[in-house]
Amino acid sequence: MPRAMEATSRTFVANARAGLQDADLQTSLARFQGGFQVKRVEAAKRLPEFEALRDEARAIKDHTLAHLDHYLERYEAQVTAAGGTVHWCQTPEDARQVILGLCQEAGAKTVTKSKSMIAEEMELNPFLEEHGIEPVETDLGEYVVQLADERPSHIIAPAVHKTRDQVADLFHEKHTPLGRTRRLERVEELVEEAREVLRPRYLAADVGITGANFLIAETGSSTIVTNEGNGDLTQILPRAHIVIATLEKVVPTLEDATTIMRVLARSATGQEFSTYTTVSTGPRRPDDADGPEAYHVVLLDNGRSRMLGSEFREVLRCIKCGACMNHCPVYGTVGGHAYGWVYPGPVGAVLTPNLIGLEEARHLPNASSFCGRCEEVCPMRIPLPGLMRKLREQEFERRLNPAAIRTGIGAWAWLVRRPALYRCLTGLGIRVLGAMGRRRGRFTKLPLASGWTAARDLPAPEGATFHALWRKGGRA
Amino acid sequence: MPASPRRVGLFVTCLVDLFRPTVGFAAAKLLERAGCEVVVPGAQVCCGQPAYNSGDSADTKAIARDVIAAFEPFDATVAPSGSCAGMIKRHYPALFAGDPHWEPRAQRLAARTFELVSFLTDECGVEEVDASHNGTVTYHDSCSSLRELGVRAQPRRLLASVDGLELAELSAPDVCCGFGGTFCVKYPDISGRMVADKAKDIAGTGAGTVLAGDMGCLLNIAGRLSREGSGVKARHVAEVLAGMTDRPAIGEPARGR
Chain A
34 MPRAMEATSR
44 TFVANARAGL
54 QDADLQTSLA
64 RFQGGFQVKR
74 VEAAKRLPEF
84 EALRDEARAI
94 KDHTLAHLDH
104 YLERYEAQVT
114 AAGGTVHWCQ
124 TPEDARQVIL
134 GLCQEAGAKT
144 VTKSKSMIAE
154 EMELNPFLEE
164 HGIEPVETDL
174 GEYVVQLADE
184 RPSHIIAPAV
194 HKTRDQVADL
204 FHEKHTPLGR
214 TRRLERVEEL
224 VEEAREVLRP
234 RYLAADVGIT
244 GANFLIAETG
254 SSTIVTNEGN
264 GDLTQILPRA
274 HIVIATLEKV
284 VPTLEDATTI
294 MRVLARSATG
304 QEFSTYTTVS
314 TGPRRPDDAD
324 GPEAYHVVLL
334 DNGRSRMLGS
344 EFREVLRCIK
354 CGACMNHCPV
364 YGTVGGHAYG
374 WVYPGPVGAV
384 LTPNLIGLEE
394 ARHLPNASSF
404 CGRCEEVCPM
414 RIPLPGLMRK
424 LREQEFERRL
434 NPAAIRTGIG
444 AWAWLVRRPA
454 LYRCLTGLGI
464 RVLGAMGRRR
474 GRFTKLPLAS
484 GWTAARDLPA
494 PEGATFHALW
504 RKGGRA
Chain B
1098 MPASPRRVGL
1108 FVTCLVDLFR
1118 PTVGFAAAKL
1128 LERAGCEVVV
1138 PGAQVCCGQP
1148 AYNSGDSADT
1158 KAIARDVIAA
1168 FEPFDATVAP
1178 SGSCAGMIKR
1188 HYPALFAGDP
1198 HWEPRAQRLA
1208 ARTFELVSFL
1218 TDECGVEEVD
1228 ASHNGTVTYH
1238 DSCSSLRELG
1248 VRAQPRRLLA
1258 SVDGLELAEL
1268 SAPDVCCGFG
1278 GTFCVKYPDI
1288 SGRMVADKAK
1298 DIAGTGAGTV
1308 LAGDMGCLLN
1318 IAGRLSREGS
1328 GVKARHVAEV
1338 LAGMTDRPAI
1348 GEPARGR
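Chain order of the listed sequences is A and B. Under the working numbering, the first residue of the first sequence carries the number 34, and numbering increases by one thereafter. Under the working numbering, the first residue of the second sequence carries the number 1098, and numbering increases by one thereafter.
No lab work stands behind these hints, which were simulated from the structure alone. Even glycine gets a Cβ: it sits at the ideal position worked out from N, Cα and C. Heads up, some of the hints might be wrong.
[What the hints assert, rightly or not] In silico DSS-like pairs for lysine-lysine, Cα to Cα no more than 25 Å straight-line: (1) Lys72/A with Lys353/A; (2) Lys72/A with Lys1158/B; (3) Lys353/A with Lys423/A; (4) Lys505/A with Lys1126/B; (5) Lys423/A with Lys1283/B.
[Unchecked claim] Residues from chain A that face chain B, not an exhaustive set, calculated with beta carbons under 7 Å: (6) Thr291; (7) Ala322; (8) Gly405; (9) Tyr455.
The whole structure should be built from the sequences, with the hints applied where relevant.
So this is what it looks like as structure tokens:
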């Protein structure tokens, strides 16, 4: 899937089939989901107050979202006081233009980037390339995805869809022109080579762009958590640091941020804390040992203020930990690319239709068995299945789903409300089906039931309905 | 055990009604043994989930109102399904939130609605059953039983009292089997892979029978096992607890033919 592509959520069914048939992807998915699930359970077990912390974290975000204007204004005032600038952007296009302007102002040829899903939302890399600026991803997974000209398939593990062998081939191909001609096998060697290739890029970069896990209203700081330390080099070494974030990333205080961090890493990777937690406030001050000369925050709305006033507000509590993806059986079978846009998995199934339109992404909230594991593990207790159901309601109200389904549901509901007629019709149908299936006990094919029989037989009914037998006096 | 027998409205569920009446009779037998008087209201059909999960809230509410009216006369409403019980218990009140007439009625019914096995243990104080089953079984937790109703220990506790029965746990008992109502026919590729994974997990336990508390999961799992030519049988947990395993398992040919 090339980077600068339109959303492909419309073709979810075909995307999913491709994912199911991709043996390498299936190998990667099985390994990563199992690992993350065990680690989360163990991390939660080690912290007796984990469930209480989830409640606390949720309350912090709910409070902030209820007073978002206040905290955003406070945040901007503090950024300004620290010598930085906040740029308010309504759309991804606005944000791209602001970022381009800032890069041009800094005379930038190379931009290093620490991981940011917001950059994916604004398709920043292809845009910068079009304008002669080279973006360099510094997160290892993002670097792999960039080299492969793909999109991230997971929000915290962007290259999780790739096997070690695939990465080995990719590095061999892309690093050969740099004089690194040996095909490496071991993970440690691959990581080391990426580090060596990236190191001079950090030093050459004119601008560093990072995302933000939190924006702190009381101090005007932005905070990122990483496991590779790449964020620190990205934001400290270049002349200018640009933070890109959406509105809902703000929290009132540093203490609030650290409370949420305690559930973030545990939910995401099962770590107690991410390896690096970096707080940056404004540009370099005269006494600072290092830091950028300029500090900018590009604050993107892109639909968030609309969601704030809608029945989907709760999804704005999301702290992008990825736990819902790590536990979703659908994500685990089809992989992240099937979802066709920036955010895969259960949270993507709620966010994507809200951000790019239900017409584009109507499959995503439907492609869930409502098993509820995502809600169970979400550190912010976002009722993801319930929000997906609300999207299905919108789909039904707006008549976006196929006419056959609408007619079918309507006819079925009409019949259900007429028990006598229902029993008469189903009694007859079940007698016929029961007689037909009695010898083999199952059907391998039935008219109009290919959706069922594609992957499994239909067990034959016993032959009479319960209600008919019960009325006859039972046979227990 | 409660002093006076309760009048229980048995919510049969549409899948038990159509595909597996045995489960309805097993439920009635277990409830009667626990001292309940069992009534099967004739006006019931379905809890409304197919409409609810398809986004058709108008039809869902119409169906839910019929269910509420049919079951509010009873001391308790019991379903041999975590999914249907969960619909009434967790979703009906939300469906009528803000409706001055129906919200209180939905809440009253919700408070008195239970999944069968947890009703037996938690409300009737049943600690053991009089049944036997020779062999190893495994148990699949339905998502709604597990996550909407917190039913996990109860079926295992009663199964432990079945003579000759051994329980071998799945490696991932809390993972969805891929049924998901209309999901399984709307996304057959994905659902098919999920149930194939479940069948693999079942085979790995070495059990001769897989049990569960929901006919949706069971039709899906039994259908997959039969498609793979597996010899593992599928039954509703109530059939084993009620000692009614003399009938062919789900998807098994009728005997003597």
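Cross-check of the supplied hints:
no. : hint                    : result
1   : Lys72/A with Lys353/A   : holds (17 Å)
2   : Lys72/A with Lys1158/B  : violated (42 Å)
3   : Lys353/A with Lys423/A  : holds (21 Å)
4   : Lys505/A with Lys1126/B : holds (16 Å)
5   : Lys423/A with Lys1283/B : holds (18 Å)
6   : Thr291                  : violated (30 Å)
7   : Ala322                  : violated (50 Å)
8   : Gly405                  : holds (4 Å)
9   : Tyr455                  : holds (5 Å)
The structure shown violates the earlier hints numbered 2, 6, 7.
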